[in-house]
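Protein chains in written order, with my numbering: chain A, -5 to 420; chain B, -5 to 420; chain C, -5 to 420; chain D, -5 to 420.
Be careful, since some hints might not be right.
Which copy? The list can't say, so a pair holds if one copy fits it or any two copies do.
[Said to hold, decoys possible] Cut-off 30 Å, straight-line C-alpha distance, at most; resulting in silico cross-link-like pairs (DSSO-like, lysine-lysine):
#, residue 1, residue 2
1, K(-1), K351
2, K413, K134
3, K134, K36
4, K36, K7
5, K266, K240
6, K387, K27
7, K37, K134
8, K27, K134
9, K8, K387
10, K240, K387
Just so you know, these hints were derived from the structure itself, not from any lab.
Number of protein chains: 4
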Amino acid sequence: MQISKEQIQLVNKKVEAGHESQFNFLAQTLDSKGVDVNAVVKKLADFQVAIPSWALGAGGTRFGRFSYFGEPSNLEQKINDVGIIHSLTQTAGAISLHIPWDVPEDYNAIKELAAANHLVFDAVNSNTFQDQKDAKESYKYGSLSNVNKGVRDQAVQHNIDVVEIGEKLGSKSLTVWLADGSNFPGQNNFQTAFQYTEDSLKEIYTSLPEDWKMFIEYKPYEPNFYSTVIQDWGTSFMLANACGDKAYTLVDLGHHLPNTNIEQIVATLMMKGKLGGFHFNDSKYGDDDSTVGSVKPYSLFLIFNELVYGMKNNPQNPYPAWMIDASHNIKDPLEDLIQSLEAIQEAYAKALLVDQKALKEAQLANDVVVCQELLQEAYRTDVRPLLREARLKSGGALHPITAYRSLQVRESLIEERGKYAVASGL
Amino acid sequence: MQISKEQIQLVNKKVEAGHESQFNFLAQTLDSKGVDVNAVVKKLADFQVAIPSWALGAGGTRFGRFSYFGEPSNLEQKINDVGIIHSLTQTAGAISLHIPWDVPEDYNAIKELAAANHLVFDAVNSNTFQDQKDAKESYKYGSLSNVNKGVRDQAVQHNIDVVEIGEKLGSKSLTVWLADGSNFPGQNNFQTAFQYTEDSLKEIYTSLPEDWKMFIEYKPYEPNFYSTVIQDWGTSFMLANACGDKAYTLVDLGHHLPNTNIEQIVATLMMKGKLGGFHFNDSKYGDDDSTVGSVKPYSLFLIFNELVYGMKNNPQNPYPAWMIDASHNIKDPLEDLIQSLEAIQEAYAKALLVDQKALKEAQLANDVVVCQELLQEAYRTDVRPLLREARLKSGGALHPITAYRSLQVRESLIEERGKYAVASGL
Amino acid sequence: MQISKEQIQLVNKKVEAGHESQFNFLAQTLDSKGVDVNAVVKKLADFQVAIPSWALGAGGTRFGRFSYFGEPSNLEQKINDVGIIHSLTQTAGAISLHIPWDVPEDYNAIKELAAANHLVFDAVNSNTFQDQKDAKESYKYGSLSNVNKGVRDQAVQHNIDVVEIGEKLGSKSLTVWLADGSNFPGQNNFQTAFQYTEDSLKEIYTSLPEDWKMFIEYKPYEPNFYSTVIQDWGTSFMLANACGDKAYTLVDLGHHLPNTNIEQIVATLMMKGKLGGFHFNDSKYGDDDSTVGSVKPYSLFLIFNELVYGMKNNPQNPYPAWMIDASHNIKDPLEDLIQSLEAIQEAYAKALLVDQKALKEAQLANDVVVCQELLQEAYRTDVRPLLREARLKSGGALHPITAYRSLQVRESLIEERGKYAVASGL
Amino acid sequence: MQISKEQIQLVNKKVEAGHESQFNFLAQTLDSKGVDVNAVVKKLADFQVAIPSWALGAGGTRFGRFSYFGEPSNLEQKINDVGIIHSLTQTAGAISLHIPWDVPEDYNAIKELAAANHLVFDAVNSNTFQDQKDAKESYKYGSLSNVNKGVRDQAVQHNIDVVEIGEKLGSKSLTVWLADGSNFPGQNNFQTAFQYTEDSLKEIYTSLPEDWKMFIEYKPYEPNFYSTVIQDWGTSFMLANACGDKAYTLVDLGHHLPNTNIEQIVATLMMKGKLGGFHFNDSKYGDDDSTVGSVKPYSLFLIFNELVYGMKNNPQNPYPAWMIDASHNIKDPLEDLIQSLEAIQEAYAKALLVDQKALKEAQLANDVVVCQELLQEAYRTDVRPLLREARLKSGGALHPITAYRSLQVRESLIEERGKYAVASGL
């Protein structure tokens, strides 16, 4: 199933007048405050977030999983799903593959299919947290940090293989998320585990093509419940430095202890030129992988405030790789992803509205009240007309969820794939 | 110092045209969605929040305190300060006294002063967490829960005294916050401490005038760092039930463990008719007592969503007593309170915009995506024009902080009181 | 595979002399402090903890599961496994079934098998958090709290069925753990969800045999990540009260927000006669289901201190049902359970050593230093000789893990069952 | 007041026989397991922990403070108090001064007094979190990170002054704890604040004598409740690296977010040769500053396990500076400190008993069960006889708290100083 420009235009037609009026009024207001509205809309239109291939089917918890009808059961269908999202939102112009779940059989066909859907291949993700059928070694007690050299070698080689697959598709970065750690005090020697991890990462790094980046993710706990080898940004940063210039830290919003000030971590990493990638989601308790912006939208705004600042003021930092990493336990995954994209764009738009000059002055004057007012001024603005304008200009839907439903996308997918298709992967 | 209606009108004048245009545009948009805008504006205008007398000076931490210039040093000045806030915001029509910090000398004069400032006396607060000079007994090891009957008696009597003072001023409720607990395992017998607390509260309850309410606050920790006698809503609820119909639970937003779902507690208490009072503030870590809405505004909205629902659907629950309980460590306390009031009104306004009918339908259909959309639709709306309209109609300032500054309120207070006045109390 | 008394005696022989010397020295020391050592040893010997049927295979996380060799694949083998643990520890004299995973085919045979293993059937557990094949209704959006009456009815009926199965086996209690809740703000109406849950529980309660108890478990989050209907002890307590005298709260150690003072909850519930059951495990982050005592052994001791106090001083509270509810992701499940049993007995023994009389005196004198010293005096004592003596007297192994290994239990199970048997259930 | 060796011997006499029997029995048991008991006892005797000068009076919270009778009101009396603790425990052979609270008037006299009490001067602590009377600049909005150069200069100079004072007393290290941060989003520019902090620290570092060390403390929150400039070990580590070889990270046990794996941080820092200092305390919620070992003794043991490992295997790391940093809100401060010292020695002793060789083997074999058993074997051992033996050999009291009370130390101090003396400082 594919959505044509014409279908979207038809759906938009009914609400376009309303949008125009809302947008014009807002544009005028913002303009009177000195905001360059066109520039903001252009930035929103340019902002693209990768969809991971494993996010297109229903997620689950250790207590079970409730399937969704019409899930994609192969890579082609996954690309198709991302294409649908991108048609509607014009914000999801990339897909991020997970190996070995998504190894292409025919590379050319896959690349053509992606191109037809206006998608590029973003970071490729390795998997050393699960055992693959017929694998020689098991990751039960760790992969890159394993005390057993045979296991480490297998895990290193898998990462090298993933890079090769990525190269064939045009990816330019590898994301390494390690579940390695321990469930009980005493199980791991922390220093040895760290050292093995560093050595393994360096080995992978050596095989990295010249124009690639390596992203090192961190996470405090889960699936290990006592310690995790790369438990925080400090550890990831240390490892990235040990590897070299092409190695970076990757921040996943759900991978922090309760109450962590994530925006400060973002600022520090960008200042040091080491923020490579970003995984969006939301959470109330742990790594809940909830829809972006569904729980703590102000936090997301504050993080974007640092991202916008860094993208402007930190030339030492590369443009980060953006990806949604959420789990869809009870919603239609495509609708859920559309909601996430909307929340990301909203936070980005609001961050773009912060009056940076006035903020700097208030900070220099220690005028704390005004500092707060300035952030809230931007945050309290209803920026949805800006998002809609950006989508409209790019050929997307003014109201993507409404369009998705009125175009009966899910129904078509079920018809094509059957109710009980099951997504490969997790 | 007092602010006249005329002064406010003069300040408003310059921004009134702009406001009118913003308000009309929003009103039209909302109207087209079926919102009764006038009704919303009226509810906002009617909503009044008490200011506690101890919040008018600078707060501090255990590491020290930085004074603010021109702090009020007696009850008259405190009333004056609340009067200023109320003039500007038309939302702070009540003051909540803390005994023994605010015992009036001349009751009639104090009542007249309050009336002149259009203020009523809301809940009175007792203090059994600090020793008073020349007190016979010490609260070092607890008050209402103390193993020593003499201490319990003194604490009970103090609460009875507070009620008497409140009666003379027209208050109708007593808030009991107990710091009682223990710092080390073994220090307290939990069961005995609970029993003594229940007995003491019942004794106070007996002395309560017929038309009064008693609010029982809960808090998980601080100033005790191992256990707190009334550690959670369940304990407070149990105690309120044991006392009787006039006893209620009081929710302070900062008094919860990390990640607590506070809105669900609010819903449960209202359903059971036991939510008596509400203390507003915000926090990132513990009982930070930060400006309302400065850290987690979406949480505040979700809580107001339950409050609005309960006020409409739970006749068994009395209209709650609202109060701001924040600490102003580095901001001008009056400006800080104005920011808090704005955030409260904002959350309330957004909650009033939730399409309850559509929400119920979506809930019945398990349409989780639409449930989320409906809350976000309300939340994402920029409701500031509604707040301004409500203030305008009541004679308040369109932009209270701006007005406060352009009227040079703090400068006048310093002139009147001197730079180094120190607020009585904490 | 079964372990005979003789096999155990043989293994014990080698270390019996060492044990005797350790025990005698400790007994003498404790005796000189006024401890009735025999009484303590008898209490330890009498203390029996149920093993849940689902804990005998490897557990997992949402990221996958690593199987263990020789897992039991039917109810008979599960009973066999518990029998092995009980032979060695003499502490695991009960099994707790999970329906529908463990529906017996031949009740008499199952009862005889249990009896032969010296096991009784403790609380039966219902499951309404997963869909069963061919079930008419889905629990995707809740069970006892579902907005759809058909789903609620199915869930109620399932619980009634579970009770019937339990009756045939001699169980005397039903444990209800509800995953019900919501993943996103707005999804659930808190008040309705609570009310439906109360109604459903009351319906189940009505079908409860006269001599049965119903245990209502609570949990703050997971598998739902925004709200859980029975989120805390206060909610569970309220529901138990609404149902009646035979309904109780069940405490699972892992089901609390960070930093909760669990021992105080235990004390409150016992004082009110409402602590019905107890699930042991340990955790560092969330509901980690780690081996009991592996992370926070002092916490466990403090909880046992309240349990011991309550069992002595609260005749209004029934003797609680004890169960281990841990997950065994990387250890041999039987070894892991043996470690848990050891940790439970250790905490119980230490709690029994607390000088309650001296503690009470110190509490009355507010001698906080001595209160702490008294708890630490008990906790710092090495009580392992007491545990060994209790096992020795009951015919168990002095060192269960060592015995388990020297008797090559796992090897025998693998031989019997094959390497790749997979436990039924989760 | 001073305690003589003879007084202590007299008190010990009554319990010496009992101790000897306990010690011999334990020594024999440990010896049979291959432990070099004498070596362990010697290590315990050698282990010395500094007492900070501010810990000798009662602490408090933002809700107030309850004084203790007989508090020291000048530096001489503080040294005297530490001398008393050291006499009894033989573990507190150092004092750590806080400037400007403890600026000596007569350096020689102070040094002689310390020597007479067998005390050395450990790290000196600067204070830029409070304003000093007549200070030109205020630290209300930060010190080393302040946007105002004048404030930064004053704070830098203060640290340089502190070093000079320390030099005159024989200290060899400076501890910098920065309260700097922000209370509200927007208040601080994270990148600027970090950069200023780095610059200021480098300036202080430049003035550091050749044989000195600088310790950089981190803390996630309090007294600032939105952000803290040095929020975690990663930030501190980065700053220490930027300064140079003499700069190190200092770990305070209470300065971590909920559930942080502190022992892993310790291991990482020692591996990198950057763990300079250590502040002991305990906590259940935040930076509670409770008595060491009173809440999470197993955590303390796990941390000591890493410290012992690092002191043996990481020659790249200097011997860390140990200090107790607790607050004594309701206990006699001296008794509280004695309890802390006992808990530290206990954790250290248990860590020394871990069979490192067997642990390494079990780790290499991924025998998780045995790894856990080995740590628990050490932890479950009652090591108090070893601590007593170490004290006995050094001339300390077998039971310091009992001795403190029987020698009526507090009564003598009250007689000397009066009831209402108030400790200088916080």
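Hint-by-hint comparison with the structure:
1. K(-1) x K351: For K(-1) and K351, neither the intra-copy (40 Å) nor the inter-copy (34 Å) Cα distance is at most 30 Å.
2. K413 x K134: between (34 Å within a copy, 16 Å between copies)
3. K134 x K36: neither (47 Å within a copy, 41 Å between copies)
4. K36 x K7: within (22 Å within a copy, 36 Å between copies)
5. K266 x K240: Both ways: K266 and K240 sit 13 Å apart in one copy and 22 Å across, limit 30 Å.
6. K387 x K27: both (24 Å within a copy, 26 Å between copies)
7. K37 x K134: neither (44 Å within a copy, 38 Å between copies)
8. K27 x K134: The answer is neither: 58 Å in one copy and 32 Å across copies each exceed 30 Å.
9. K8 x K387: Cα proximity of K8 and K387: one copy only (16 Å, versus 37 Å across).
10. K240 x K387: neither (35 Å within a copy, 58 Å between copies)
Violated hints, in rising order: 1, 3, 7, 8 and 10; the structure is consistent with all others.
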